[in-house]
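Undergrad: Quick note, the sequences are listed as chains A and B, same order. Just so we're aligned: the first sequence equals residues 1 to 594 in UniProt numbering. Just so we're aligned: the second sequence equals residues 1 to 454 in UniProt numbering.
Hints are not guaranteed to be accurate.
Covered by chain B, according to a simulated footprint, are these stretches of chain A (three or more residues, beta-carbon under 8 Å) [what the hints assert, rightly or not]:
1. 422 to 430
2. 443 to 455
Restricting the straight-line Cα-Cα distance to at most 27 Å, the calculated cross-link-like pairs of lysine-lysine (BS3-like) are [what the hints assert, rightly or not]:
3. Lys515/A - Lys527/A
4. Lys220/B - Lys161/B
5. Lys165/B - Lys3/B
6. Lys538/A - Lys489/A
7. Lys540/A - Lys435/B
8. Lys220/B - Lys259/B
9. Lys309/A - Lys252/A
10. Lys538/A - Lys290/B
11. Lys309/A - Lys273/A
12. Lys422/A - Lys290/B
13. Lys458/A - Lys420/B
By construction, these hints were calculated from the structure, which means they are not laboratory data. Note that the Cβ used here is the ideal one computed from N, Cα and C, for glycine as well.
For reference, the chains in residue letters:
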Amino acid sequence: MSKSDLKISRWLDAHFDRSANLNTLPRNAILSNVAGDGENRLIIVDLKLERDTRCRLKVYKGTLVAADTVLPDVPSSIISFYHDRLNPRTPVVGVGCVNDLLMFKNNKPFFKYSLPGLPVLPAEYDTWKSIDKNAGIDVRAVVERLKGISFHSLSSRSQQLLNLPPSKQEEFILSYLNNEPMRINLITCMTTLKKSSQDTYSIACPIIGTEAGIIYVLDPQNFSILLQANVCNIKNTPYIITATGLYDVDYKILVATRENQVCLLKRGWVEGKGIIQTTGTIVEILVVPGDNLIVIATTDKMLHSYTKKGQKLWSIEMTFPITCLCVVALKHLNAYLIAVGLKGGLIQLYQGRRPVDYITVPDTPSCITFGQMGQEEHVMVIITFGGAIIFKILKRTADFNLSHQDTSMPLLNYNKSLPLPKRSKLFLEQSMREREDPAAMHRNFQQDLIRLRLLTAKEIAQNLNYQTGNTNERKQIKLSAQVMGLGPKFTVILSLENMNSDTPITEMSVVFHVKREIYHLSSYIFKIPMIPPTLSYKIKTSVHELTSNEIIEPTKVVLLDAKQRVLRVFVMKKDLNIPVLAATINMPSTELAF
Amino acid sequence: MDKFYEALSLFRRRKYDLCIDKCTEILDKQPLDQAAWCLKMRAMTQRVYVDDIETEDAFESDFFDTNIVATAPRPGTSLKINTASTSENPFSARPRALTGRPLTGVVRPGTQKRPGSSLEALGTARPFTSQSSRTIRLGTAAMLSQKDGPFIQFSNFNINKYAGKPCLSKPLFEYLFYHEGDMRNAMELAIQANQHCESKDWWWKVQLAKCYDTLNLIRKAEEQLHSAVKLQHHVEIFIRLNRIYSKLDQPLSALNICKAGLEIFPNDVTLLIEMARLYENLDNSSMSVKFYRSAVIEDAINTESIACIGMYHFYNNQPELALRYYRRVLAMGAHSAELYNNLGLCCLFSQQLDLTLSCFQRALDLASDPLIKAEVWYNLSHTAIAAGDLELAVLCLNISLSADTNHASALNNLAVLHHKMGRTNLARSYFLSAKTLENDMIEVNANLEYLQNK
Numbered sequence: 001m002s003k004s005d006l007k008i009s010r011w012l013d014a015h016f017d018r019s020a021n022l023n024t025l026p027r028n029a030i031l032s033n034v035a036g037d038g039e040n041r042l043i044i045v046d047l048k049l050e051r052d053t054r055c056r057l058k059v060y061k062g063t064l065v066a067a068d069t070v071l072p073d074v075p076s077s078i079i080s081f082y083h084d085r086l087n088p089r090t091p092v093v094g095v096g097c098v099n100d101l102l103m104f105k106n107n108k109p110f111f112k113y114s115l116p117g118l119p120v121l122p123a124e125y126d127t128w129k130s131i132d133k134n135a136g137i138d139v140r141a142v143v144e145r146l147k148g149i150s151f152h153s154l155s156s157r158s159q160q161l162l163n164l165p166p167s168k169q170e171e172f173i174l175s176y177l178n179n180e181p182m183r184i185n186l187i188t189c190m191t192t193l194k195k196s197s198q199d200t201y202s203i204a205c206p207i208i209g210t211e212a213g214i215i216y217v218l219d220p221q222n223f224s225i226l227l228q229a230n231v232c233n234i235k236n237t238p239y240i241i242t243a244t245g246l247y248d249v250d251y252k253i254l255v256a257t258r259e260n261q262v263c264l265l266k267r268g269w270v271e272g273k274g275i276i277q278t279t280g281t282i283v284e285i286l287v288v289p290g291d292n293l294i295v296i297a298t299t300d301k302m303l304h305s306y307t308k309k310g311q312k313l314w315s316i317e318m319t320f321p322i323t324c325l326c327v328v329a330l331k332h333l334n335a336y337l338i339a340v341g342l343k344g345g346l347i348q349l350y351q352g353r354r355p356v357d358y359i360t361v362p363d364t365p366s367c368i369t370f371g372q373m374g375q376e377e378h379v380m381v382i383i384t385f386g387g388a389i390i391f392k393i394l395k396r397t398a399d400f401n402l403s404h405q406d407t408s409m410p411l412l413n414y415n416k417s418l419p420l421p422k423r424s425k426l427f428l429e430q431s432m433r434e435r436e437d438p439a440a441m442h443r444n445f446q447q448d449l450i451r452l453r454l455l456t457a458k459e460i461a462q463n464l465n466y467q468t469g470n471t472n473e474r475k476q477i478k479l480s481a482q483v484m485g486l487g488p489k490f491t492v493i494l495s496l497e498n499m500n501s502d503t504p505i506t507e508m509s510v511v512f513h514v515k516r517e518i519y520h521l522s523s524y525i526f527k528i529p530m531i532p533p534t535l536s537y538k539i540k541t542s543v544h545e546l547t548s549n550e551i552i553e554p555t556k557v558v559l560l561d562a563k564q565r566v567l568r569v570f571v572m573k574k575d576l577n578i579p580v581l582a583a584t585i586n587m588p589s590t591e592l593a594f
Numbered sequence: 001m002d003k004f005y006e007a008l009s010l011f012r013r014r015k016y017d018l019c020i021d022k023c024t025e026i027l028d029k030q031p032l033d034q035a036a037w038c039l040k041m042r043a044m045t046q047r048v049y050v051d052d053i054e055t056e057d058a059f060e061s062d063f064f065d066t067n068i069v070a071t072a073p074r075p076g077t078s079l080k081i082n083t084a085s086t087s088e089n090p091f092s093a094r095p096r097a098l099t100g101r102p103l104t105g106v107v108r109p110g111t112q113k114r115p116g117s118s119l120e121a122l123g124t125a126r127p128f129t130s131q132s133s134r135t136i137r138l139g140t141a142a143m144l145s146q147k148d149g150p151f152i153q154f155s156n157f158n159i160n161k162y163a164g165k166p167c168l169s170k171p172l173f174e175y176l177f178y179h180e181g182d183m184r185n186a187m188e189l190a191i192q193a194n195q196h197c198e199s200k201d202w203w204w205k206v207q208l209a210k211c212y213d214t215l216n217l218i219r220k221a222e223e224q225l226h227s228a229v230k231l232q233h234h235v236e237i238f239i240r241l242n243r244i245y246s247k248l249d250q251p252l253s254a255l256n257i258c259k260a261g262l263e264i265f266p267n268d269v270t271l272l273i274e275m276a277r278l279y280e281n282l283d284n285s286s287m288s289v290k291f292y293r294s295a296v297i298e299d300a301i302n303t304e305s306i307a308c309i310g311m312y313h314f315y316n317n318q319p320e321l322a323l324r325y326y327r328r329v330l331a332m333g334a335h336s337a338e339l340y341n342n343l344g345l346c347c348l349f350s351q352q353l354d355l356t357l358s359c360f361q362r363a364l365d366l367a368s369d370p371l372i373k374a375e376v377w378y379n380l381s382h383t384a385i386a387a388g389d390l391e392l393a394v395l396c397l398n399i400s401l402s403a404d405t406n407h408a409s410a411l412n413n414l415a416v417l418h419h420k421m422g423r424t425n426l427a428r429s430y431f432l433s434a435k436t437l438e439n440d441m442i443e444v445n446a447n448l449e450y451l452q453n454k
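Bound conformation, chain B alone:
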């Protein structure tokens, strides 16, 4: 069999490592075989490819960010105000993530911190660099496996030569962008290729925008995307524009972009979910749920939407509806501690008591992360309180705290329980330590004030 055909077949079957080996064999014999070279690039790119629309960390507030237009934005026009909810239903205010963002139904980039980083321990919303850790290549085993150094030596590489060849320039760009993470060269290539096709290829404009975005030249990226969208209507461009505006903290512009996108691609799930997320971040849960619902009508197995609708109902005092949505998620095959934990809570509050504890038991069995474990025990304490067993609730909270010493809500609740049992001094010290962990927590401050005034 022809070796190249074999490599191509391997590529199609997504056996990228084998494909790379085959291509290397071909290239050893014929170092100038462009087809093999290109295929190898593609295979190497595909091996590490991630959908960077979904993985990019959303920007957290940055004191030095000069791209933000308004420093003191009006309510409802910024994603960064973490004051109390201004929505129409203040009593069903959702709890907030540690970063002050509204809590969402699913964990996705931007809704939480990078796991395992020191930021997590600090509990602050320190800004990230625009380059997430994904693009930073470590001296990993993969690198060492290339016996004679890297595949392409970019130090003496004539980018200009390849910019004019559309067949090669695009795979080369992706290789640079995704595999090498070499933004400088990738951008150089994109600029030259863009010049070469006289700025008539929307694809290059989007790539250029991607590069600008990574280098934090947000306004330039916006420019490129706007001109790209004039050439070609594509969902990706709308999504990227929307992300750009979110970065610029202009959620209303982002919403407008999404609306324009929805006019061209009616009922597009990605755009609908994008809008739902924006509304969620703007604290407008009812609008957010409306869009999640539209997304579910289009795509009935969209876990994110179902989970978010479930959570909306839960905090809207309709746990029985939430239970139905979470059961749907369960039926679709999700199997995690968080899901069982949510199911347990829904059962508890919709008075399906006999199912409550078995759900929590499963959640405990599945929880490997001590943080999740802490949350499950925290919720179990609520079950104990509901059953009227305060001693048990105290024990549960103690276990929760030993799993996660920084659980401010658990400390607060523990303090309340101790206060109820008459141990005021203990309660006060727990309140104080909860306050040191989370200074703006309303409950702790109110409780401390109450203790002080007594």
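Pulled out of the complex, with its shape left as it was, chain A reads as follows:
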């Protein structure tokens, strides 16, 4: 990719708002047709983590905020899906908040689904149950008993209790006594999976991954649990989840976990299987639809690509840390690019592992999303860490020169080992000979090699004596000839090339030497003009074969001896009595069939 290709950007700057003051993480911005009017809106979760601020769900219509809803708690992720078949088709927006899936329809709260709580450990349960409200509370004993259990497996109330100063502990215990001890099932990530059809308007199941390492697939119509599965057989905390396929047919759910593992969950499994383990922490994971590749960005600046089965295909190292990824689906080009947001404000677009374009934004992008927005089909929305929101529209003429690069794309099975057949038994038998007497074999080969050197030297000396061969390496002149035609009239094109990179060739001439009774040439001597370094000069001469035209005597053999059908070419230098280069051109026989 040369710089000149990029002088004119492929992107139009549609909107740039530096004062939007948004704080959005990857996967917290989606484009969805929330109003049901066919015009996609941008829905983003604006995280506000400071005290006295509330997180907000914002809906952008074009460049304006159309709706702004306060969320009860810190949201973890956002999805959008169709949950019914009623007209007009309006999708719901689901926001994962603590253990609730909050659903909004037409920008209004619509339904709330709470995940079932998790049972606490028996020891903790007993501790809480043993506290008698009426008798005095032995706070110290309770705290001691709770400290005996590992902190991670405690419910949030016990964890909170242990962190409180002793003076407030009793009050805290009292306030919770009436509630059954439960662990909250925290939602960490969500995605959607189409239920029975890949159609845009078909209904989709929300998939929820939780802190406890459990994945729930919900029925979109009555929000009951369709499937509950563990992420992996060992403790793994999901934090990015993607799904492909159809729930009723076949599907694959990929889960990136905080333990740097990618787990695969297939239809019919109740427990996922770890397929990829990365060295750095996973920043983002994508499934590229066209090639069915898994692309993973890690914190150590690497972009990795794997097959569906978890075989590594390639890795590229970026110059800056990766902050976010996004699939740029260009259906009209049948291409899927990957937008890689880098620290510093560079967004690179990759096709496979080949960069095809880049965009620069004022500061580090924190979230990129691409798709239809409003009526415009290819819009990239970039939210930066500084809180700016940027809309970029892909020009309709942009083709990213993809067609040119496809041919030179390296093979996908780059890292696959070559399918070599196994060493046969025969080979082992044959190698026995070598094992028995390696010294003699080596000696023999070396002897032969010396003999070959001698033979080669002789042959070269002979060639030098006859001045044959098409190249004079010392003078760095190369001669090549081409014979055209089927006869009896041929055209011979000689090409003299100066291979020297410094000095030109001067005062040369080319002389043809032929048997006059067989061939007649248009010209026999050519003066060669100066040939500048590394250039070549072509000479054309037409050759007329005489014998095939006139049947001389019926008793004479008509076909010529092959040895006689030659043109000799000498390249001469002025004032030199031996040729610089001599070559013979074997002339083809005239095609008698014509």
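Fit chain B to the supplied structure of chain A, relying on the hints for placement.
TA: Below, chain B alone, put in the same frame as chain A:
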């Protein structure tokens, strides 16, 4: 002794020239002796007879060929696509002949160009006329030896008279077809004879098909052969049908014909080899080798099959197996530069180093054709590279190029070696000249691109 009996005996002993002289003697005395006339015809035919199934040049792609059904055939359905191999094992892709066909283990008609023709120098796959040079008679010495002109004057010859006589018409046809190469009259005779026996003789149908085929009326030939195969199951008919479909570029139909033939003649070697060749041309080397193997089981001294299996193993990274097959060919009495060259290569790659160079030495001793010599030196350069002597490899390639100036692979390798030694300009010019010789060579193009991008 009766002169005719003597002639007959000479004929049986394959002394055709003597037999012809005897018959001429008889005919001088009794010009209307049909037996002698017939015998003379037979003897003259036999003298020049060649098995035209095996010698016919296969058609190369012809831009103007209107018999071809599909101009843009799907992969695997045409013999003419010379794109990269689509077989299951792309890494062991065989090198291709200059015409773009997959390389085979033996040289046979259709796998290479006619030697000594200008086509060879051009390196193109120009179409041949359907009449190969064999059928074109030159004013040769043989013709002049007939003192009083040709044996039969066809200018005032009543074909109709002979068409009805089955004893005479068949030898006459063969004489016309093989000896005279007179397709027009031969076809005339075949048509009339066919009418005479009311299209009930399969032999005449096959001959008619042969005539149509030579005149490039392929569809008509196909028709005749199909009706012939209904009358009589004969391997020749299957083979000819198969050739017809190959000419029409319908290899799958040809395969079906062969399969049908194999059902009637199970394990027939000719048909098995025919199938193997078809698969080979379709780039399906594993199937091809399967059929070659079946052929070898039936006929253990079939050189073509053994050589092809050997080559399959060689390009399948099992040179030690290839070595065994080539040794078998050697043991059967073949003695040629190509064979020793292959043996040398197999020895080199299966690490029988002490035998390598002596094989190549023999190959050099036997190579009289400069082209073969060039190939042997080209392979010797590989030996030199394997031994780590790059200077020697350069010299070998130079010798190879002086023997065959159009050896594009040698030019490419020479360029790579020069590049390795730091002579980039020289390398580039060699690459460029390799490219002018063989424009589609993948290696050259990749190397040039590499040099350009550096």
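Undergrad: Would you mind marking each hint as holding or not holding in the structure?
TA: We went through each hint and held it up to the structure:
1. Counting residues of the stretch 422 to 430 of chain A whose CB lies closer than 8 Å to any CB of chain B gives 4, which reaches the minimum of 3, so the coverage claim holds.
2. A stretch counts as covered by a chain when three or more of its residues have a beta carbon under 8 Å from one of that chain; for the stretch 443 to 455 of chain A and chain B the count is 8, and the coverage holds.
3. Among the hinted pairs, Lys515/A with Lys527/A is consistent with the structure: their alpha-carbon atoms are about 21 Å apart, no more than 27 Å.
4. A C-alpha spacing of about 25 Å is found between Lys220/B and Lys161/B, which places the hinted pair at or below 27 Å, so the restraint holds.
5. Pair hint Lys165/B plus Lys3/B holds up; C-alpha atoms about 25 Å apart against a cutoff of 27 Å.
6. Between Lys538/A and Lys489/A, the direct Cα distance comes to roughly 19 Å. Compliance with the 27 Å bound is thereby established for this hinted pair.
7. Restraint check: the Cα-Cα separation between Lys540/A and Lys435/B comes to about 20 Å, which is no more than 27 Å; the hinted pair holds.
8. Note on Lys220/B and Lys259/B: the hinted pairing holds, with a Cα-Cα distance of about 22 Å set against a maximum of 27 Å.
9. Taken as a hint, the Lys309/A and Lys252/A pair is honoured in the structure, with Cα atoms around 11 Å apart against an allowance of 27 Å.
10. For the suggested pair Lys538/A and Lys290/B, the alpha carbons sit about 51 Å apart, so the restraint of at most 27 Å is broken.
11. Note on Lys309/A and Lys273/A: the hinted pairing holds, with a Cα-Cα distance of about 11 Å set against a maximum of 27 Å.
12. For the proposed pair Lys422/A and Lys290/B, the alpha carbon gap of about 19 Å is at most 27 Å, so the pair holds.
13. Between Lys458/A and Lys420/B the CA atoms are separated by roughly 25 Å; this keeps the pair inside 27 Å, and the hint holds.
When held up to the earlier numbered hints, the structure conflicts with hint 10 and nothing else.
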